[in-house]
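Peer 1: Each chain, letter by letter, is given below.
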Amino acid sequence: MSSGACSSAGANCASPEQPGWSPSGSYASNNGSAKQSPHFDPGDWDKRLTPLLRLDGKVFYTPNRMTLYNNGNSNGGSLAYLDHHATLVSEDLKVNFPGGAAYTLNVGLVSFRVCF
Amino acid sequence: MYGSEEFASWTLVDGSEFQANLTMNAAYVGSYIPSKSFGLHIGSVASKISGSLILGGYDASRCFMDPIVSDTTTFKLLDISLNVTRGLSAFLKTDKSEVPGLLKINGGKATELEVQPEPGVPYLYLPKDTCDAIAEHLPVTYNEDFNLYLWDTDSPAYSEIVSSPHSLVFSFGSEANISQTANINVPFALLNLTLDAPITTQPTPYFPCSPWTSSGDVPYHLGRAFLQGAFLGANSQTNKLFLAQAPGPDYPAKDVKKITSTDSVITPALNAPDWDSTWATALKALASSASGTGTGGTANSNGTAPTDGSSSDETDSNTVLSKGALAGIVAAGVLAIVGGAFAVWYFIFYKKRKQQLELLQKQQQQQSSSPPHYPSQAVWSAKDPTPESSTPELAGSSYQQHYLDQYQEQYQQQAQYSEKSSFVPITELDCKSNASELSSEPQQGHAAELA
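Protein chains in written order, with the numbering used here: chain H, -18 to 97; chain S, 105 to 555.
Next comes chain S alone, as it looks inside the complex (with noise of 0.2 Å):
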């Protein structure tokens, strides 16, 4: 991809110049294009997210904000955060959902740096201390061999911060206005790539900060591992360059918009849903983390970092539950779900029961020697032949699944009880039946997932 160059010229062997044309060019100049300018989002094939590269205009629905605007092929980093947008955190070494101040250099805080987004490569080619105190929050280990950090897999954390909703914010300054920073979030969930074959013997996951020491020719680059959640653009006739967040899987349809040639601004997608929610699908919050380190404090929500550049030493009494009233959360919870539980099996199943047995007796005073007809677990296997394929449908609600274990232990309760007596059983009918409205609002979130 080229920006304003018209041409390529090179020596043939025989020492004539020869002339090529550039592709935005030429197309430009062949009208089929308005402008020689383009919007890109890298996208990823792990997490469902397609590519769009538009020449000439741009897909809006993959341009989740007023853009930050640049008048060169650089824009101004201002700092570094981890954040966690639901659920608690697993972030090592931290009790917070958010840590900014990660900017580093030289061993200090760095107020700024001049950043170039490049799809051309692949990584994030930052300062070694500021990748060193991203990592010091992850359970990652620095590799000299690949000058990258590689995920300790064993940890629990490592599971926990790639599939929940954990995210590392970029904090960038605005050339109008240097008190006005926007952020782009790109969750960890998109920073677990792999190293393979030829490069290595086996997979390897790895976070992809690869230590970089600026000079003038090379500044600091943002490559695609950043440019999977983030838009790009570029127009190269007004010498503008475009960069703002982009969805996660579940952005909105597509909405193509030419880009004239004396554009110097882009809208952002109208209406657009909240960032995070285009990621609710894929990145569940926490409800409690396995690594025992990252107790998390209130998610940010809003998905945006801290600016005042305290450090991660700092606590933020706003943002952080004190553990009394953690403690008091967790007890309410705990006795709602109790509560609410008892009451669905009192009014559910044991009414019915009760019912029920009151039906028998009054049957089987009135039809002693009919035989008994009852299912039996295997039955519910065959009609129901993936209770084990059901269950991640029930995954996401704790209490649901709870409500659909007892279901089941009072239903085999049941079919063993049957077996020695003459009860009357329930139905097939009315086990599919609970069965579906039980999981009535899982399914519904895993037809969502396959769509």
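Just chain H, same shape as in the assembly (with noise of 0.2 Å):
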């Protein structure tokens, strides 16, 4: 979730918020906003995901740095790094219920799926 998904007009988070993504480093000058891909609906990006949580909101593609380390001790010196990693990004993505409840996604990567 985009660091700034909590602070959009309309936005509804649990508490205590969450730190969100953003991009840094070389990921932000040289791959970030230029690389990003154009915002789209979540049903465009999973047709199955979106109509079970009644997801609204837009959603786009950002290429990421992912770094490995030593037994997954960040202490312990990286590595790897797998580059140019697909991240789905979110800035206003909700999960709706049927009553109108609603709340904004700020944590967690929902991407997880298994495609054969």
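Hints may be right or wrong, so weigh each one.
Some chain H residues judged to face chain S by a derived CB distance under 8 Å, without partners named [unchecked claim]:
id, residue
1, G(-9)
2, S18
3, G24
4, W26
5, K28
6, L30
7, L33
8, G58
9, L63
10, H65
11, H66
12, A67
13, K75
14, F78
15, A82
Covered by chain H, according to a simulated footprint, are these stretches of chain S (three or more residues, beta-carbon under 8 Å) [stated by the list, open to error]:
id, stretch
16, 131 to 138
17, 187 to 198
Derived by calculation from the structure, the hints in this document are not laboratory data. This structure is a prediction, so every number in the text was calculated from the model and none was measured. Quick reminder that beta carbons are idealized off the backbone N, C-alpha and C, glycines included.
Could you use the hints to bring the two separately framed chains together as a complex?
Peer 2: Structure, rendered in structure tokens:
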């Protein structure tokens, strides 16, 4: 989720707010906004999850860098980078209920899925 | 998490195509993992089951049976049952500890449903008839605003069901042999979830069955509520999806295994304990039901549900004790407890007190002018400052609690008596020593709980 997800007008986030994603370093300057996709509807990203969660809002793709650490220990030195890593980012993705209640997604990766 | 896809691509604002890597494929191509595979157990914060996600392998300690294997993204769900593995049942509208035949659709029993395990969604997305059939035996009410069932927390059955070994059992069919079934148990302790702000103004416990109508694009789903109690794995290079029973809070030590790019099967935990035993610390069997609705039958200790498709209205004479037999067992139990308590009282306290009285009489005869010394109840409190906190350690055993109550009562009587006489009291050492003996078994249980 974008770091700005909960600051947008109409956001309805759970407390306490979680730190969100924002580009940094060379990925901000060389691969960030210039390489982002246009915003699109969540239904164009996933036709299964969108109706189950009654999602609305906008998402976009951006390249990112994933850092691998030895034994998962960030103090133990990095092992490798997975560069140009596709990341789906949301700034205002909402989960809706039939009665009108809703909340803004502000944490987590909902792109966890299995595709054969 | 992606499967066999290698890239994601999109159109930039200047109209050109951009191609980006996907995690699983990039890690495999970089030789950081042996296959494009994973093993996942969501776990539960509330039940102190840590989550487990392994890329390129799985933690076998979270896989408690030979997994059910699917060549697609769905599994064949054959039935849903209620089950009590230990103690009495608090389920509503039944006197049995097993209630099969709850997989229903369009007003009748469903023989098979395609369901997709999905960590990206929260609930159990099943037919309304199925959710209603389960809810009929629970203190819950359907709420159309949330399309969920809210627990009636004022019902005695609520706390009984979510704190004792009451489970929802999912029976899956094998693609290789449809007559074979495998059951995955999800305790209701994991299905007692809470809606909170900003969705509701007050914490609102709910049962996560969310009525859903299947369509071509969106089949029925088993989301994170289910995956708290189930293991999910996949090897996208052999097109295999693995589903298995996951353990409770007392799961074994981590045992990470690789999944190779050609693996079509994975092996479960070696020498895994019985699944129910991994919940034994967290979920205590009901000795009696305050709800007054669940008279219970014999608990189904192997954690499996019947697969004969018998409806919940039919009687299972093999698993339900007659009222006469139940009354006999209860009467024998009460007699045994009373008899045991009397024997303990006689041999430990009465005899000891008698000996002390005899000793006292001798001492009084020898030292009639010596001032008395005795502890008060306050000394007990000072030396054992948390009698209240020690009570939960003993709560697991009514016999032990009875024993302690009797001991404390006698100790108090003894202290009162000693204030009026020159009675020689039980010493503090005796007191602590006996208390330790009394509570040794529950203390061990408590230590295991903390560990």
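Peer 1: Hint by hint, say whether it matches the structure.
Peer 2: Against the structure, the hints:
| no. | hint | verdict |
| --- | --- | --- |
| 1 | G(-9) | 12 Å, violated |
| 2 | S18 | 4 Å, holds |
| 3 | G24 | 10 Å, violated |
| 4 | W26 | 10 Å, violated |
| 5 | K28 | 5 Å, holds |
| 6 | L30 | 5 Å, holds |
| 7 | L33 | 5 Å, holds |
| 8 | G58 | 15 Å, violated |
| 9 | L63 | 4 Å, holds |
| 10 | H65 | 5 Å, holds |
| 11 | H66 | 5 Å, holds |
| 12 | A67 | 4 Å, holds |
| 13 | K75 | 11 Å, violated |
| 14 | F78 | 5 Å, holds |
| 15 | A82 | 5 Å, holds |
| 16 | 131 to 138 | holds (count 3) |
| 17 | 187 to 198 | violated (count 0) |
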